[in-house]
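Take the given structure of chain Y and dock chain V to it, following the hints.
One-letter residues, chain by chain:
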Amino acid sequence: MERLTCSHCLLSFPASDALRTEYDGTEHVFCCNGCRGVFLLIRNEGLDAFYSKRRWDSPGRPAEVAKEPDTAAFLADVMEVDGDKELDIFIDGIRCASCVWLNEKFLSRAEGVSHVRINFATHRAKIRWDPAVIDISAILQRIQAIGYSPKPYRESEQIQARRAESRDLLVRFGTAAFLSSQLMIYSIALYAGYFQGIDQKTKIIFEVIAALLTLPVLLYSGMPFMRSSVSGLWHLHFTMDSLIATGSVSAYVYSVYQMFRGGTVYFDTSAMIITLILLGRYLESTAKGRASETIAKLTELAPVEARIVTGAHDISDMPSAETEMVQLSALKTGDIVKILPGEKIPSDGIVICGESETDESILTGESRPLRKTAGSELIGGSINLFGMLIARITRTGRDTVLSGIIKAVEDAQSGKPQIQILADRIVGYFVPAIIITAIATTALYLLKGFSTDHSLMIGISVLVIACPCSLGLATPLAVLIFTTMASSRGILVKGGEVIENLSRIDHVVFDKTGTITEGKPSLREIIRIDREAEETYPLKVAASLENLSEHSLGQAIRDAWKHDLLNVSDFRAVPGRGIEGRVDGRRCLIGNRAFLAENDIDSLPDNSPITSLDELTDPFERSGDTVIYLGWSDAVRAVFVVSDCLREEAKDAVNAIAERNINITVISGDNSITTAAVSGAAGIRNAEAGMSPAGKRDYIHALQAGGSHILMAGDGINDAPALTEASVGMAMGRGTDIAMESADAVLIRNDLTAIPYFIGLSARTYRIIKQNIFWAFFYNIVAVPLAVSGALHPIVAAGAMAASSLFVVINSLRIRKKDKF
Amino acid sequence: MWTLIFLIFLSLVLGIGAWLFFIWAVKSGQYDDPEGPKYRMLDDDEEPDNKKGHP
Numbered sequence: 001m002e003r004l005t006c007s008h009c010l011l012s013f014p015a016s017d018a019l020r021t022e023y024d025g026t027e028h029v030f031c032c033n034g035c036r037g038v039f040l041l042i043r044n045e046g047l048d049a050f051y052s053k054r055r056w057d058s059p060g061r062p063a064e065v066a067k068e069p070d071t072a073a074f075l076a077d078v079m080e081v082d083g084d085k086e087l088d089i090f091i092d093g094i095r096c097a098s099c100v101w102l103n104e105k106f107l108s109r110a111e112g113v114s115h116v117r118i119n120f121a122t123h124r125a126k127i128r129w130d131p132a133v134i135d136i137s138a139i140l141q142r143i144q145a146i147g148y149s150p151k152p153y154r155e156s157e158q159i160q161a162r163r164a165e166s167r168d169l170l171v172r173f174g175t176a177a178f179l180s181s182q183l184m185i186y187s188i189a190l191y192a193g194y195f196q197g198i199d200q201k202t203k204i205i206f207e208v209i210a211a212l213l214t215l216p217v218l219l220y221s222g223m224p225f226m227r228s229s230v231s232g233l234w235h236l237h238f239t240m241d242s243l244i245a246t247g248s249v250s251a252y253v254y255s256v257y258q259m260f261r262g263g264t265v266y267f268d269t270s271a272m273i274i275t276l277i278l279l280g281r282y283l284e285s286t287a288k289g290r291a292s293e294t295i296a297k298l299t300e301l302a303p304v305e306a307r308i309v310t311g312a313h314d315i316s317d318m319p320s321a322e323t324e325m326v327q328l329s330a331l332k333t334g335d336i337v338k339i340l341p342g343e344k345i346p347s348d349g350i351v352i353c354g355e356s357e358t359d360e361s362i363l364t365g366e367s368r369p370l371r372k373t374a375g376s377e378l379i380g381g382s383i384n385l386f387g388m389l390i391a392r393i394t395r396t397g398r399d400t401v402l403s404g405i406i407k408a409v410e411d412a413q414s415g416k417p418q419i420q421i422l423a424d425r426i427v428g429y430f431v432p433a434i435i436i437t438a439i440a441t442t443a444l445y446l447l448k449g450f451s452t453d454h455s456l457m458i459g460i461s462v463l464v465i466a467c468p469c470s471l472g473l474a475t476p477l478a479v480l481i482f483t484t485m486a487s488s489r490g491i492l493v494k495g496g497e498v499i500e501n502l503s504r505i506d507h508v509v510f511d512k513t514g515t516i517t518e519g520k521p522s523l524r525e526i527i528r529i530d531r532e533a534e535e536t537y538p539l540k541v542a543a544s545l546e547n548l549s550e551h552s553l554g555q556a557i558r559d560a561w562k563h564d565l566l567n568v569s570d571f572r573a574v575p576g577r578g579i580e581g582r583v584d585g586r587r588c589l590i591g592n593r594a595f596l597a598e599n600d601i602d603s604l605p606d607n608s609p610i611t612s613l614d615e616l617t618d619p620f621e622r623s624g625d626t627v628i629y630l631g632w633s634d635a636v637r638a639v640f641v642v643s644d645c646l647r648e649e650a651k652d653a654v655n656a657i658a659e660r661n662i663n664i665t666v667i668s669g670d671n672s673i674t675t676a677a678v679s680g681a682a683g684i685r686n687a688e689a690g691m692s693p694a695g696k697r698d699y700i701h702a703l704q705a706g707g708s709h710i711l712m713a714g715d716g717i718n719d720a721p722a723l724t725e726a727s728v729g730m731a732m733g734r735g736t737d738i739a740m741e742s743a744d745a746v747l748i749r750n751d752l753t754a755i756p757y758f759i760g761l762s763a764r765t766y767r768i769i770k771q772n773i774f775w776a777f778f779y780n781i782v783a784v785p786l787a788v789s790g791a792l793h794p795i796v797a798a799g800a801m802a803a804s805s806l807f808v809v810i811n812s813l814r815i816r817k818k819d820k821f
Numbered sequence: 822m823w824t825l826i827f828l829i830f831l832s833l834v835l836g837i838g839a840w841l842f843f844i845w846a847v848k849s850g851q852y853d854d855p856e857g858p859k860y861r862m863l864d865d866d867e868e869p870d871n872k873k874g875h876p
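Line order of the protein sequences matches chains Y and V.
Here the first sequence stands for residues 1 to 821, numbered as in the working numbering.
Here the second sequence stands for residues 822 to 876, numbered as in the working numbering.
There could be a bad hint or two in this list.
[Stated by the list, open to error] Restricting the straight-line Cα-Cα distance to at most 27 Å, the calculated cross-link-like pairs of lysine-lysine (DSS-like) are:
1) Y/Lys126 x V/Lys848
2) Y/Lys85 x V/Lys848
3) V/Lys859 x Y/Lys126
4) V/Lys859 x Y/Lys105
Everything labelled a hint here was simulated from the structure, so no lab data went into it.
Excised from the complex, chain V in its bound form:
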């Protein structure tokens, strides 16, 4: 029985953790621009220096 109660408690704690994470995500604007990330992941952070710039 105590195993069961412990597992229930654990699942609730994990669930509440996920829920708090979700609230944080909404509040910090993670859902404001659902369109952008799919393009951003294709961007290279650094371009090779020898190819870009003023010839």
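Here chain Y stands alone, though its shape is the one from the complex:
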């Protein structure tokens, strides 16, 4: 079936679905009306530049051989609802809102499908259909047909537990917020009554209502704090929770006591503390939401089955011998496996026979396909591209390279929050200090001969005053504004702790491929050696040949040619070397120099403007580019230079970071020539090449052990361990899911200049958080002695508390200042 590419969204789709529109004399094809509409809108607005400016350079999913979806795997999850069937599936390959839209519309149009809803965040689709009209395999094939792959949706227990916790927090917070807003009505009336005078009966009614409204906030919403502080008390271990529990409970008890004495009540204080802290906790839990899905995603990479060769003992018989599919868990070291083109390599091993290339980019970062012949090592999880391979398994289970990466991510994630520990330690001293002060104050007043009532009241007022109301607000509010600011600049932040880490950054480490470069080879230069050929002819021939190959370098050439292709016959591909075919009656070869030389194409044409090929291509090879030769009839006719281009804004970003006196290093899995050339072009002097995923992590670890604070920016699975190890990990939005899951922040728009902006924003936010916390404590430092002396008038205390909260709010708003970047 012929396939076309949509002029707007670049989606590849069957030609029969095409929508054609003529515009400015050229015909454009679209996959759907939506794309066409947007395309016309953009053109009519004179914003054509969008199409040249946009960067759709996502590596996407590895090119797998399209297999029929395995219906059996889904059957267990199908549910019966009102006579219809319902199923939750995970749709892999969704990258943006239009993917969701496309899948929803496309599925809901199938006859018999009554309901389709895809969750934007989790890519989970809920599909309901009538089993009498359509069956499940037809639905799955429909998803596959538009280029996405359906997978069974299974949540790990860990993820389920976290979701339940997040929902529980939301209900608790919502309830507390509702009650607090009701409570405020009565509290404000009571405060007004304090100044203007209030009817005694009305006052009692309001106070009783306020007491009743506050009770569920304490007993239901505040339950997690109460529970943890009671168990903490048991072990004499004081946390923030203890402070919140002590403060809110004592404020409540004190208010009930005052209610009977006819004094001023503080129910709002008690409820507000819990509400604000719950809001902070809820924001935190949703932001961290997706972090622990990392490991689940990584294990998904591992193939589930292996094809074991059973029928042969002789190497020469193996390619044709019988095979048997076994579960990966049954695979043992020493087993002989057969790997067909397009399949994943089941486990680490050594090639016994066969010749092919493998794509290890997602594991090692090596951007080019690697040639594999007898004796080469294979990495489990990488993809066999062209030829059949027979391999002996050398490592299985937890010893494999892939397991090593997974373990590295686990380790790095579990060892993170050191800042939290410090904060808790300070609170651990603060809480007992306040409790001791309160008890001592009460005792002192009793000794001085005051009444028990009065002494107790003063003691409790110390506890109430010490309540961390603005302290509870200080950080979450600043974090919230920070996250909003960051996301408007295209940065997705996973948690608040990143602010503190970012503000200390003194060293930025970039991954090369896909981070400071586009991550995808593109044709940079065509040098026509044969002056007789038409100017575009060599590219046309090359593209026609490469169109039949799967090679990523070839794709760069193919993508550069937008017009009709020539017919190719007698096509042959030699892995690692090149391809040949008959075009326009001539035998044409394209590939590396050795491949052409072996086929007696080594001379230059008679009319060549140059005298030596080496002279021409040496500079390119030295700068890390790949040179591809095209030849026919004994002579090299053209040279193509393919390279992974530097991101446009990389230089600006590097300069802006350097201005802040921050060191910059590039690390890469690629060879040292390419790495040095690319980092030099971006204006970065330090470059480390040939790094494995664990090597990158160790490099970051060593720098941090030396006292540096590292920001690591990367995009691949190979960067995941380093991203988690670094103080701050930053993933590219078009990178792999695993990289995004491991990172603390994601650059949605792939705009590197957001990094210096982000560093500046964090520094400012952190400064403001420190001011907020200082003010919150300052309030306590001033108010607690006043409370101890018994001189603090209740209304003054309430006013000071409000003023301190207000200060925190206004101060936090200062984060919204405009920045250069």
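Chain V in isolation, oriented as in the chain Y frame:
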């Protein structure tokens, strides 16, 4: 005084109504996908038939 008590009662009933609505919203998953609706509101339910489809 009775006016006051009646108004308090009314405000509590309305508040509890809102609270029950909130609980229902959480339980029925309205908060599970906060991202989606902002894109969905831009979707047209029906596309013109003459423009979409197989030419």
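Here is what the structure says about each hint:
With a CA separation close to 17 Å, the supplied pair Y/Lys126 and V/Lys848 stays within the 27 Å bound. For the hint linking Y/Lys85 to V/Lys848, the alpha-carbon distance of about 22 Å falls within 27 Å, and the restraint holds. Among the hinted pairs, V/Lys859 with Y/Lys126 is consistent with the structure: their alpha-carbon atoms are about 19 Å apart, no more than 27 Å. This hinted pair checks out: V/Lys859 and Y/Lys105 have alpha carbons roughly 17 Å apart, not beyond 27 Å.
The earlier numbered hints are all upheld by this structure, with none contradicted.
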